[in-house]
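K.L.:
Here is how the chains run, residue by residue.
There are 2 protein chains.
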Amino acid sequence: METETLKGTKNYTPEEQILREDIIKTIKEVLERYGFNPIETPILQPYSLLSSKYGGGEEILKECYKLKDQGNRELGLRYELTITLAQYLNENPNIKIPFRRYEIGKVFRDGPIKKSRVREFTQFDADIIGIKSKLGDLEILSILEEVFKKLGIDFEIMLNDRKILFQILEYAGIGDDQNLQNSIILVIDKLEKIGRECVEKELIQKGLDKNKINKIFELIEIKGNNEKILEELGKKIDVGDLEELIKLSKICKLEKIKLVPSLARGLAYYTGSIFEVFSEKTKSSLAGGGRFDEMLSKLVKKDLPSVGIGFGIDAISSILKTEKKSNVQVYLVPVGISEDKFLPIVKKLRESINLDFDLSGRGISKNLEFASRNNIPYCVIIGEKELKVGKIKLKNMNTREERILSLEEAIKFIKKTY
Amino acid sequence: METETLKGTKNYTPEEQILREDIIKTIKEVLERYGFNPIETPILQPYSLLSSKYGGGEEILKECYKLKDQGNRELGLRYELTITLAQYLNENPNIKIPFRRYEIGKVFRDGPIKKSRVREFTQFDADIIGIKSKLGDLEILSILEEVFKKLGIDFEIMLNDRKILFQILEYAGIGDDQNLQNSIILVIDKLEKIGRECVEKELIQKGLDKNKINKIFELIEIKGNNEKILEELGKKIDVGDLEELIKLSKICKLEKIKLVPSLARGLAYYTGSIFEVFSEKTKSSLAGGGRFDEMLSKLVKKDLPSVGIGFGIDAISSILKTEKKSNVQVYLVPVGISEDKFLPIVKKLRESINLDFDLSGRGISKNLEFASRNNIPYCVIIGEKELKVGKIKLKNMNTREERILSLEEAIKFIKKTY
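So the protein sequences, as listed, match chains A and B.
In short: position in the first sequence from 1, add 609, done, that's the numbering used here.
In short: position in the second sequence from 1, add 609, done, that's the numbering used here.
So here's chain A without its partners, still in its complex pose (with noise of 0.2 Å):
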């Protein structure tokens, strides 16, 4: 039998899963506050859908999986939950908008395998549909600022708007050829990563000349904090959207916003902000998103301009450590004596407190190294001894301090230093 999972997917042991949990209960609690609900839509979906010529695309499309069913009808797993979405708003006409949803489920791509390569992974959506005003990207900023605080992330958010990027390339000369402007993007996006030497490179490779390269990076780089960046690129460019967006946040006061001029984020379908949040001490991205105004107009054939953010769960777990490393607050050892001793203190023990406790009547210690090897913080004790006085002997697994408490006594203490 396998002793592997495949290439790409994974196993979450206990540890893994709880942290995923609580860090997807953070999200859901701020999500609900900001007045958003939870749909969900199928994994397995006709491929005709999948491939639909707004979807995600030739490049996703190459990594989507296709299967058949017993009838023979072609099928695919999701890619991603934009598209779901769409279907989803086909299937319920009558929704009202603005239509603010969350969706949690897993997603798969059919890359290469490389070993960091995923092939299964939890995406994390929320997008508020059909909003135009900027209060809608205001929405999402905020959320995620209140999200990254109550994970007690070290995080900033970059933001920027795909139409000053068209700006910075219109300014610097590069017309009308879209695809050329969308891989310059690309490359520009890089800038963070690579750092400007590298970049340099690759737009020489891409036909551009020191003068057109030299005008980009004049508004790219423009340093200093927001007030200075919209005031520079004010001067060469149209900065209305971002200035808008900026002043909005302050009357939130959110602090955590950077503009960053040169970020572009991948995908195409954005069409006004973007952004993304970066973890300070990794560097690593932990959720991205924008405005994407045409993409569900198109697969609606309905006016739905749209904002929202996906949650990179595994990123931002990766970066988090867990002191909890099981649920289990208790793990009850009776030692000689029957079951009608014990299991009305361990029922009387759950009302409050998540227990496990010995079913096979091991030996003391077995049962102690068991609690101590899972984790467990603290182990209830019940011998005749105990039972006589009608107490309990509670041990605290760290310190391997000893009391002597009646139930009541040892619940208030669990609960109290737990």
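Some clues are possibly wrong.
To be verified - Straight-line alpha carbon distances no greater than 20 Å define the calculated EDC-like cross-link-like pairs of lysine to aspartate or glutamate that follow:
id, chain 1, residue 1, chain 2, residue 2
1, A, Lys634, B, Glu624
2, A, Lys934, A, Asp631
3, A, Lys934, B, Glu641
4, B, Lys634, A, Glu960
5, A, Lys619, B, Asp734
Claimed, not checked - Computed beta-carbon distance windows for the label pairs:
id, chain 1, residue 1, chain 2, residue 2, range
6, B, Asp631, A, Lys844, 53 to 59 Å
7, B, Lys890, A, Glu683, 39 to 45 Å
8, B, Glu683, A, Ser657, 21 to 27 Å
9, A, Lys802, B, Lys890, 55 to 61 Å
10, B, Lys832, A, Lys950, 32 to 38 Å
11, B, Gly666, A, Glu1011, 48 to 54 Å
12, B, Glu889, A, Lys950, 29 to 35 Å
13, A, Ser792, B, Asn1005, 51 to 57 Å
14, B, Glu853, A, Leu996, 18 to 24 Å
15, B, Glu889, A, Ser893, 48 to 54 Å
16, A, Glu1011, B, Glu853, 30 to 36 Å
17, B, Ser947, A, Lys844, 27 to 33 Å
18, B, Ser947, A, Glu801, 33 to 39 Å
Said to hold, decoys possible - Quick partial rundown of chain B residues pointing at chain A, CB under 10 Å, derived from the structure:
id, residue
19, Thr612
20, Thr618
21, Lys662
22, Tyr663
23, Lys705
24, Lys856
25, Val937
26, Val955
27, Leu968
In short, the hints are calculated from the structure, not lab data.
Glycine included, every Cβ here is placed at the ideal spot set by N, Cα and C.
The hints should help you fit chain B onto chain A, whose structure is shown.
P.N.:
Here is chain B on its own, set in the frame of chain A:
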């Protein structure tokens, strides 16, 4: 573009999804009280794993979705969570047993498309792995009783033991042919649904004579409370295991267990106690499980007697009506006031209340209609008049009643009533 999901798959609306998530949360909380931790295994698996000799068996394998990746590897979508649990145990050989884990995830069956046949659904399994003692069975029964009481459902837990069924067949003189025995057990299992007459007919078709059939019914139709059934059954066959489990369940004051000697549960891999939670109102099955001492042992090549349960999230959803159609508690409507006036109020309210607000500057009646159509219980309306006196207008969307309140009063009021 597709306007319907694939047959056998389903979109869940916020109303449905909120209910599903509430149910899942209730079950998780009970499981964690009982010392269970979550794991997650991949959906995408090597086909060789899914078709393992001791896996789900021929029938289920026929319904396994097969696919290939770009490297031409043979893959499949998991059809249940036990086979991936076995892989997990193989990958993590140092797990301390007994191992209490739960997993929630999508599973897939490529069955014929019938109206009610689902091909993608959420499985919620909880198992104790590596425990021979009946205390394990007792834990699962206690969990079932607690979960369904918490969910507020009228239910009973039907209990039997596979060994009882085999003994009944022996008593009726139906000997060693295991295939015949299993097929008879499948017929007997239908007694509660189709009645004695239909079961008799099917048994005759299987070649059983009147005498044998009568002996079967003599035992499976014993009526009365659990004690009576054990007493009567005990005169003909060995009921020791069930007796012990019933004794333990009494120590824990379980009230919902009903012995049903005809209960069989289809799956041949059960080796001991089997149980099924039935809704008294709809007579539908809401959860089912039992003891399976051999399956994991064979797959993992280690002695891993186990007992567990699977919850039918959709079956449970379908009998629970929810009052709560949105997570949003308040919809805020600014009337002719600027962002710097209402955004701080939004922020303040969101410290304790789930709030959506008008992003698009619509008129008040459109906004009230929006809130109403989205089942949001309260609107907060703020115009110049309210701002001047430092108050807000709170409108109950059910009663249409309006109150002029300070922000603090409004928060208190909403939290008290919703």
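K.L.:
Evaluate each hint against the coordinates.
P.N.:
Hints, one by one, checked against the model:
no.: 1; hint: A:Lys634 - B:Glu624; result: holds, 19 Å
no.: 2; hint: A:Lys934 - A:Asp631; result: holds, 12 Å
no.: 3; hint: A:Lys934 - B:Glu641; result: holds, 13 Å
no.: 4; hint: B:Lys634 - A:Glu960; result: holds, 17 Å
no.: 5; hint: A:Lys619 - B:Asp734; result: holds, 19 Å
no.: 6; hint: B:Asp631 - A:Lys844: 53 to 59 Å; result: holds, 55 Å
no.: 7; hint: B:Lys890 - A:Glu683: 39 to 45 Å; result: holds, 41 Å
no.: 8; hint: B:Glu683 - A:Ser657: 21 to 27 Å; result: holds, 25 Å
no.: 9; hint: A:Lys802 - B:Lys890: 55 to 61 Å; result: holds, 60 Å
no.: 10; hint: B:Lys832 - A:Lys950: 32 to 38 Å; result: holds, 34 Å
no.: 11; hint: B:Gly666 - A:Glu1011: 48 to 54 Å; result: holds, 50 Å
no.: 12; hint: B:Glu889 - A:Lys950: 29 to 35 Å; result: holds, 34 Å
no.: 13; hint: A:Ser792 - B:Asn1005: 51 to 57 Å; result: holds, 56 Å
no.: 14; hint: B:Glu853 - A:Leu996: 18 to 24 Å; result: holds, 23 Å
no.: 15; hint: B:Glu889 - A:Ser893: 48 to 54 Å; result: holds, 53 Å
no.: 16; hint: A:Glu1011 - B:Glu853: 30 to 36 Å; result: holds, 33 Å
no.: 17; hint: B:Ser947 - A:Lys844: 27 to 33 Å; result: holds, 28 Å
no.: 18; hint: B:Ser947 - A:Glu801: 33 to 39 Å; result: holds, 36 Å
no.: 19; hint: Thr612; result: holds, 5 Å
no.: 20; hint: Thr618; result: holds, 4 Å
no.: 21; hint: Lys662; result: holds, 9 Å
no.: 22; hint: Tyr663; result: holds, 9 Å
no.: 23; hint: Lys705; result: holds, 5 Å
no.: 24; hint: Lys856; result: holds, 9 Å
no.: 25; hint: Val937; result: holds, 5 Å
no.: 26; hint: Val955; result: holds, 8 Å
no.: 27; hint: Leu968; result: holds, 4 Å
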